[in-house]
Amino acid sequence: MGEPRPRRRDPDRRERIIAACLDVIAEAGVAGTSHRKVAAAADVPLGSMTYHFTGMDELLREAFTRFATGVSDGFEAAMAAADGPEEAEEAVVAVITDGVFGSQRDLVLTHELYTLAAREPAFRALTNAWMARSRAALERHFDPATARMVDALIEGLTIHRALDTEPHDPGIVAEAVRRITRPR
Numbered sequence: 001m002g003e004p005r006p007r008r009r010d011p012d013r014r015e016r017i018i019a020a021c022l023d024v025i026a027e028a029g030v031a032g033t034s035h036r037k038v039a040a041a042a043d044v045p046l047g048s049m050t051y052h053f054t055g056m057d058e059l060l061r062e063a064f065t066r067f068a069t070g071v072s073d074g075f076e077a078a079m080a081a082a083d084g085p086e087e088a089e090e091a092v093v094a095v096i097t098d099g100v101f102g103s104q105r106d107l108v109l110t111h112e113l114y115t116l117a118a119r120e121p122a123f124r125a126l127t128n129a130w131m132a133r134s135r136a137a138l139e140r141h142f143d144p145a146t147a148r149m150v151d152a153l154i155e156g157l158t159i160h161r162a163l164d165t166e167p168h169d170p171g172i173v174a175e176a177v178r179r180i181t182r183p184r
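Read left to right, the sequence shown gives residues 1 to 184 (this note's numbering).
Because the hints were derived from the structure by calculation, they are not lab data.
Worth double-checking, as some hints may not be accurate.
To be verified - For each label pair, taking beta carbons as the anchor points, the in silico distance ranges come out as:
1. Asp-143 with Pro-11: 22 to 32 Å
2. Arg-178 with Arg-9: 52 to 62 Å
3. Ile-172 with Thr-50: 47 to 57 Å
4. Arg-179 with Gly-74: 19 to 29 Å
5. Gly-84 with Ala-31: 37 to 47 Å
6. Gly-29 with Pro-121: 15 to 25 Å
7. Gly-84 with Gly-29: 40 to 50 Å
8. Gly-55 with Arg-182: 41 to 51 Å
9. Pro-11 with Glu-58: 11 to 21 Å
10. Thr-69 with Glu-175: 41 to 51 Å
11. Thr-69 with Pro-121: 13 to 23 Å
As the structure is a computational prediction, the values presented were derived from the model and not from experiment.
Here a beta-carbon is modelled for each residue, glycine too, at the ideal position from N, C-alpha and C.
Full structure from sequences and hints, please.
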């Protein structure tokens, strides 16, 4: 009998699987995501999937939590950098026009999460936590009711920007933000 094979050290395997899961979701949607596809994208043996995750739900929760946390961190940084309400308004306009979601991939992931959250309470808790973080960041500069309205405006205009076939006018975005944050 030969000597036992040494165990392969791969301390980043779990993290690589989570990142690959987001890539697969962006490419194939949640419905097209499988352990086999994620394992192939992460370049890990299929058995690693069940070693690191109890099932697809846990993997999806981990992946979407990572995604939502990353987007929230960026939004919080933008709001923290604003010095007062006027700079906060400018930051909100930049988030909408330049992209709270830095790419088409991020937009797809967001919509996949929203669709999943519409059906699954565990994912709804994740989107609620994401919205709560967004509103808290906005409340650095605006009262809670205004923060909620601005948060909804960001979501709505971002969706429109992503799906509309015509270019968007940043001036209209700035006007919409001002109408909410500075009522007449």
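Practice problem: For Ile-172 and Thr-50, compare the CB-CB distance with the range 47 to 57 Å and indicate the outcome. | Solution: Since the Cβ atoms of Ile-172 and Thr-50 sit about 50 Å apart, the hinted range of 47 to 57 Å holds.
Quiz prompt | Outcome for the supplied range 41 to 51 Å, where the beta carbon pair is Thr-69 and Glu-175 | solution = At 32 Å between Cβs, range violated.
Quiz item: Honestly, do Asp-143 and Pro-11 meet the 22 to 32 Å range at C-beta?
Solution: Violated, since Asp-143 and Pro-11 (Cβ atoms, about 46 Å apart) do not stay within the stated range.
Exercise. Look at the Cβ atoms of Arg-179 and Gly-74 and judge whether their distance stays inside 19 to 29 Å.
Key: Because 25 Å falls inside the window, the suggested range holds.
Self-check item: Cβ separation of Gly-29 and Pro-121, checked against the hinted range 15 to 25 Å
Solution: Holds, since Gly-29 and Pro-121 (Cβ atoms, about 20 Å apart) stay within the stated range.
Exercise. Could you tell me whether the CB distance from Gly-84 to Ala-31 stays inside 37 to 47 Å?
Key: 45 Å, holds
Practice problem: State, for the Cβ atoms of Pro-11 and Glu-58, whether the hinted interval 11 to 21 Å holds or is violated. | Solution: Since the Cβ atoms of Pro-11 and Glu-58 sit about 20 Å apart, the hinted range of 11 to 21 Å holds.
Practice problem: Hint says 52 to 62 Å; check whether the CB-CB distance for Arg-178 and Arg-9 agrees. | Solution: At roughly 55 Å between Cβ atoms, Arg-9 and Arg-178 fall inside 52 to 62 Å, so the hint holds.
Quiz prompt | CB-CB spacing for Arg-182 and Gly-55 relative to the 41 to 51 Å hint | solution = For Gly-55 and Arg-182 the Cβ distance comes to about 49 Å; the hint holds.
Quiz item: Should the hint that Thr-69 and Pro-121 are 13 to 23 Å apart at their CB atoms be regarded as holding?
Solution: About 19 Å separates the Cβ atoms of Thr-69 and Pro-121, which means 13 to 23 Å holds.
Quiz item: So the hint says 40 to 50 Å: do the beta-carbon atoms of Gly-84 and Gly-29 match that?
Solution: 41 Å, holds
In this structure, the hints that do not hold are numbers 1 and 10, in rising order.
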